[in-house]
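Peer 1: Position chains R and Z relative to chain P; hints supplied.
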Amino acid sequence: MPALPLDEAGKYVAAAYVVFLALILTYVAIMAAKLARIDRELHELADVAEGRAGRDGEERAGG
Amino acid sequence: MTPPGNETETAPAGYRPSTLSALAAILAKDLRVELRTLQSVPAMALFAITTFVLFRYGLDRESLSGGLAAGVLLATVLFAAILAVNRLFVAERDEGGFDAIRLAPVDGSALLGAKAAALVIYLLVLEAIAVPAFALFFMDSWAGVPPLFGVLVLADLGLAATGVLISSIAANSRARDLLVPLVLLPLLVPVMIAAAGASRELLAAGGPSYDGVAKWLAVLAFYDMTFAAVGFAVYDYLLED
Amino acid sequence: MKVPSLRDTAIAATLLLCAGFALVFFYAPLDVDQGFIQKIFYLHVPLAICSLAGFIVGGIFGIAHLRTGKAIHDVRSYVSIHLSVIFGVGVLITGSIWAHASWGKWWVWDEPTLVSFLIVFLLYATYYPLRYAIEDRDRQARYASVFAITAGAFVPLNFIAVRMAESLVHPRVFATANGGLPGSMLLTFIVCLAGMALLWVALVRFELAAKSASASLSRLRRAIEGETQVPASGSRIAPGVPSSATSAS
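One line per chain: the protein sequences are P, R and Z, in this order. Residues in the first sequence are numbered from 80 upward in steps of one, following our numbering. Residues in the second sequence are numbered from 1107 upward in steps of one, following our numbering. Residues in the third sequence are numbered from 16 upward in steps of one, following our numbering.
If we strip away everything but chain P, and leave its shape as in the complex, we get:
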């Protein structure tokens, strides 16, 4: 088994650790996208709910 010179071996080791990092970061990115979608939908729902609450409040005040 060859003991490669440090600079050549270093590239392989670095590549391996970079792959690991890439996998984790890709996963984080995908989860971030999911979170952004959930956040957006929650906002829409909050608007709808507040809109209804506002209308109910008006009806009660006006009626």
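Do not take every clue at face value.
Cβ-Cβ distance ranges computed for the label pairs, FRET-style [what the hints assert, rightly or not]:
id: 1; chain 1: Z; residue 1: Arg237; chain 2: P; residue 2: Ile109; range: 22 to 30 angstroms
id: 2; chain 1: R; residue 1: Leu1284; chain 2: P; residue 2: Ala93; range: 39 to 47 angstroms
id: 3; chain 1: R; residue 1: Ser1315; chain 2: Z; residue 2: Trp124; range: 19 to 27 angstroms
id: 4; chain 1: Z; residue 1: Leu201; chain 2: R; residue 2: Val1159; range: 53 to 61 angstroms
id: 5; chain 1: P; residue 1: Val97; chain 2: Z; residue 2: Arg237; range: 39 to 47 angstroms
id: 6; chain 1: Z; residue 1: Arg22; chain 2: P; residue 2: Ala93; range: 25 to 33 angstroms
id: 7; chain 1: R; residue 1: Leu1160; chain 2: Z; residue 2: Tyr42; range: 52 to 60 angstroms
id: 8; chain 1: R; residue 1: Asp1246; chain 2: P; residue 2: Asp86; range: 22 to 30 angstroms
id: 9; chain 1: R; residue 1: Gly1202; chain 2: Z; residue 2: Ala68; range: 41 to 49 angstroms
Just so you know, these hints were derived from the structure itself, not from any lab. Each residue gets a CB set at the ideal place from its N, CA and C atoms; glycine is no exception.
Peer 2: Same frame as chain P, but now just chains R and Z:
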């Protein structure tokens, strides 16, 4: 069907057939159907022999021994087995066999056991045809063939144990023809490793050697027991609606 | 014992992994045979161990699902297997890099751990088409659990078989994998392993939390907008957290 006028004993109310007798009954039914329709075994045999011819040209070899012989023979048997596994539960799903077994006062393991037994029988018949054909095509001496059947029986049991599991999963899904080979083949790699390990000794060029065959047989037996145990543990959930 | 929260798990994982990698590059001695390349071992082997353990955990959740019928166990089984498959990709790529650095080839059959891992990975990769092919939710979950159990039983068996198949004539490529590790290497390895294991746990809980949030969102949407055409929680293939389950923390 009893002729009129014959006195036969009728079963007492609440009669529960034993699992073994139910298994035998289902197995007999399957074998009868297979004999009448000849769906699985002839196809498997033809497939195997044609595959041998393909290998003859693919490898550009007229004689095989040792590891190469083991590989060609076992790979062919494995793929032929997939053909049978695909068809195992089709009739049950189409004709309502699953419902029948659920309603009958019989343990569900009878159905799975019967299917596994049927598969082993089909494979043994296939091997009875394919192995002599293989020896005819490729081997110089037939000395290794009889002990080879010992290996094949253990391999068939393993094939049956996992084949029944995957087949019953796939039977109730779409793309079942695709699912069986896809899921089953990785599961069968240890069978291939162990069976080939033993077979390459038995088919060695200078005559069968028994070097290390025992340990591979032990691996096969362990595989068979493991997946039979898994099957026993989960069959209820497989048969549930 | 109170189960540590997702946040604590993630923090612990980060700390341990950083410490581990620091040990790898600043503390662990250089291997006599393989030189600097051996450092990949501290990444590749923990990934492999966590991935395999994760598959078995998936099988255990499968057992729990079948025995209790609670869908939450199926979700946990799915996520465990899913993350272990992702770790598995890492195992195969880092193993391949290691093989190329050592042997000049991108793949070696001589390393039984790597080969057995390939087979396990191929098996679990079929988990997704299997789930996709079964439309009925309950049946999909049940059959997926059966698969998880079968595959979980398969993992050790496969490992043994592949190990036996390797002729002892071929030298093990990754000999440090189970040769006697000097103390400093062992310490580094254990810290990396612990960090990787915690990373796996943290990612699983992260994913479960995301699913839980999605499911709660669906419930909220249904409650606010009424019974409109809301798809069942989770996609066709990935189970969603059932509404009866409390959110994973």
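Peer 1: Run every hint past the structure and note whether it holds.
Peer 2: Hint check results:
no.	hint	result
1	Arg237(Z) <-> Ile109(P): 22 to 30 angstroms	holds, 26 angstroms
2	Leu1284(R) <-> Ala93(P): 39 to 47 angstroms	holds, 40 angstroms
3	Ser1315(R) <-> Trp124(Z): 19 to 27 angstroms	holds, 24 angstroms
4	Leu201(Z) <-> Val1159(R): 53 to 61 angstroms	holds, 56 angstroms
5	Val97(P) <-> Arg237(Z): 39 to 47 angstroms	holds, 44 angstroms
6	Arg22(Z) <-> Ala93(P): 25 to 33 angstroms	holds, 31 angstroms
7	Leu1160(R) <-> Tyr42(Z): 52 to 60 angstroms	holds, 57 angstroms
8	Asp1246(R) <-> Asp86(P): 22 to 30 angstroms	violated, 55 angstroms
9	Gly1202(R) <-> Ala68(Z): 41 to 49 angstroms	holds, 42 angstroms
Figure legend: structure checked against the earlier numbered hints; the only hint not met is number 8.
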